[in-house]
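**Q** Okay, here's what each chain looks like letter by letter:
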Amino acid sequence: MTVDSKMLDIIRKIGEVTPPPVRLSKLFRSPEQDFISFSLPTADTSFLALVFDLLAQSSANIRYLSQHHGGEGDLRVQMCVDSVHGAVALKAFQREEVVRGVVDIQHCSGVVILSLYPFGGQPHIAQRILETLRAEGIEILGAGAATSVFSCVIFSRNVEMAVSKLKRAFVLP
Amino acid sequence: MNTVGTVVERLEIFPLKLTESLALVSILGIPKQSGFAQVLFGYLYRQGVTTSFLAETTGQGACRDLVFAVSEEQLEEIQGDLESLRVALQAETVKVERPVALVRILGPHFDIRPGVAGYLFGRMAKEGIGALASSTTITTTLLVVPQAQAEQLMRLLKSVFVVPGRK
Numbered sequence: 001m002t003v004d005s006k007m008l009d010i011i012r013k014i015g016e017v018t019p020p021p022v023r024l025s026k027l028f029r030s031p032e033q034d035f036i037s038f039s040l041p042t043a044d045t046s047f048l049a050l051v052f053d054l055l056a057q058s059s060a061n062i063r064y065l066s067q068h069h070g071g072e073g074d075l076r077v078q079m080c081v082d083s084v085h086g087a088v089a090l091k092a093f094q095r096e097e098v099v100r101g102v103v104d105i106q107h108c109s110g111v112v113i114l115s116l117y118p119f120g121g122q123p124h125i126a127q128r129i130l131e132t133l134r135a136e137g138i139e140i141l142g143a144g145a146a147t148s149v150f151s152c153v154i155f156s157r158n159v160e161m162a163v164s165k166l167k168r169a170f171v172l173p
Numbered sequence: 001m002n003t004v005g006t007v008v009e010r011l012e013i014f015p016l017k018l019t020e021s022l023a024l025v026s027i028l029g030i031p032k033q034s035g036f037a038q039v040l041f042g043y044l045y046r047q048g049v050t051t052s053f054l055a056e057t058t059g060q061g062a063c064r065d066l067v068f069a070v071s072e073e074q075l076e077e078i079q080g081d082l083e084s085l086r087v088a089l090q091a092e093t094v095k096v097e098r099p100v101a102l103v104r105i106l107g108p109h110f111d112i113r114p115g116v117a118g119y120l121f122g123r124m125a126k127e128g129i130g131a132l133a134s135s136t137t138i139t140t141t142l143l144v145v146p147q148a149q150a151e152q153l154m155r156l157l158k159s160v161f162v163v164p165g166r167k
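Going down the list, the sequences are from chains A and B. The numbering of the first sequence is the numbering used here, which starts it at 1 and goes up by one. The numbering of the second sequence is the numbering used here, which starts it at 1 and goes up by one.
Simulated from the structure, these hints should not be mistaken for laboratory data. Take these hints with a grain of salt, some might be off.
What the hints assert, rightly or not - With a Cα cut of at most 27 Å, we get these calculated DSSO-like pairs of lysine-lysine:
no.: 1; chain 1: B; residue 1: Lys-32; chain 2: B; residue 2: Lys-126
no.: 2; chain 1: A; residue 1: Lys-165; chain 2: B; residue 2: Lys-95
no.: 3; chain 1: B; residue 1: Lys-17; chain 2: B; residue 2: Lys-158
no.: 4; chain 1: A; residue 1: Lys-167; chain 2: B; residue 2: Lys-32
Stated by the list, open to error - Non-contacting residues of chain A with respect to chain B, defined by C-beta distances greater than 12 Å in every case (computed):
no.: 5; residue: Gly-71
no.: 6; residue: Arg-134
no.: 7; residue: Arg-157
no.: 8; residue: Pro-173
Said to hold, decoys possible - Covered by chain A, according to a simulated footprint, are these stretches of chain B (three or more residues, beta-carbon under 8 Å):
no.: 9; stretch: 19 to 33
no.: 10; stretch: 47 to 54
no.: 11; stretch: 92 to 103
no.: 12; stretch: 126 to 136
Just so you know, even glycine gets a beta-carbon here, dropped at the ideal spot from N, CA and C.
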């Protein structure tokens with residue numbers, strides 16, 4: 001089977017799927033966060049240790065963290081820290097020894113983490129959350145899942161809309 | 001936990017959970033405007049695949065990356081479709097790493113204790129344990145490492161935290 005015909009087959013199968021109603025137990029909204037993302041050109045663990053040491057020394061509360069390897073051996077990191085620690089966390093990234101090794105630093109203030117329970121690794125739950133938010137034009141800065149929770153990072157200006165739409169997309173108490 | 005300078009307290013956590021024989025699938029460089037969630041998650045749902053790890057992140061430029069872990073058995077079922085999925089998602093690259101192990105660290109109260117994640121990842125980095133991927137949210141941290149490093153990571157975690165049955 002060629003790539004094209006397999007792709008059509010996949011799309012056809014997706015069209016057949018009608019996910020059932022999904023009952024969730026909780027939707028949790030974090031306090032306001034600062035979102036920081038950066039890359040390391042190489043997966044240099046000692047340099048990453050320096051960055052995290054500096055953040056720990058500033059007592060920055062990392063409430064959301066996601067990291068993975070990019071396509072060219074780089075390490076891509078995203079995190080949320082409580083807004084009250086945002087300024088001190090940013091100072092860590094302005095230190096000379098950090099500036100030398102970190103690239104693509106991006107910072108957004110005024111974000112929140114929305115967390116939905118339970119997740120259980122179910123792809124249709126992730127699909128419904130992401131589609132519900134994107135259908136409203138809500139930008140998702142990052143999303144991550146642990147065993148029982150799916151969290152996504154969005155701007156706080158979109159929270160009321162997001163919560164309202166998620167409550168319609170899922171069965172919530 | 002006071003992590004200003006050095007850690008003075010080892011936090012109690014719930015039992016660690018180690019899952020081995022997993023595969024980490026990274027789909028990198030997905031255009032932000034693509035409706036990837038329906039294509040990818042719809043496909044996984046149809047195939048009956050559950051993900052033990054999942055992270056969607058901002059990639060480089062106007063792209064996103066999506067990383068997920070499945071059992072090696074489930075990978076066998078979907079591996080033949082990954083290139084087709086890459087094309088459907090307009091992604092730049094699909095990468096598979098295996099075997100990998102997943103360790104779950106469960107709170108309590110990581111979300112209100114400043115410095116825990118920073119201290120943990122700092123210790124891992126100093127030990128030369130490079131997480132292939134990780135996701136920390138609220139009170140849970142998931143770490144994906146090469147399976148060959150799983151035992152080393154478990155030993156480190158038992159020295160960093162107070163694990164039930166070990167003081």
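**Q** None of the hints should be skipped; say for each whether it holds.
**A** Do the hints match the structure? See the list:
With a CA separation close to 35 Å, the supplied pair B:Lys-32 and B:Lys-126 exceeds the 27 Å bound. Between A:Lys-165 and B:Lys-95, the direct Cα distance comes to roughly 34 Å. Violation of the 27 Å bound is thereby established for this hinted pair. This hinted pair checks out: B:Lys-17 and B:Lys-158 have alpha carbons roughly 12 Å apart, not beyond 27 Å. For the hint pairing A:Lys-167 with B:Lys-32, the CA-to-CA distance comes to about 25 Å; that is within 27 Å, so the pair holds.
A:Gly-71, annotated as away from the interface, has a beta carbon of chain B within 12 Å; the closest lies near 5 Å. A beta-carbon of chain B comes within 12 Å of the beta-carbon of A:Arg-134; the shortest separation is about 7 Å. Here A:Arg-157 stays apart from chain B, with its beta-carbon at least about 18 Å from theirs, past the 12 Å limit. With a least CB separation of 18 Å from chain B, A:Pro-173 remains clear of the 12 Å interface cut-off, as annotated.
Residues of the stretch 19 to 33 of chain B with a Cβ under 8 Å from some Cβ of chain A number 3, which satisfies the need for three, so the listed coverage holds. Coverage of the stretch 47 to 54 of chain B by chain A holds in this model, with 6 residues showing a Cβ closer than 8 Å to a Cβ of that chain against a need of three. Figure legend: the stretch 92 to 103 of chain B, annotated as covered by chain A; annotation consistent (3 residues with Cβ-Cβ distances under 8 Å, at least 3 required). With 10 residues having a Cβ less than 8 Å from any Cβ of chain A, the stretch 126 to 136 of chain B passes the three-residue criterion, so the hint holds.
Checked against the numbered hints listed earlier, the structure breaks hints 1, 2, 5 and 6; every other hint is satisfied.
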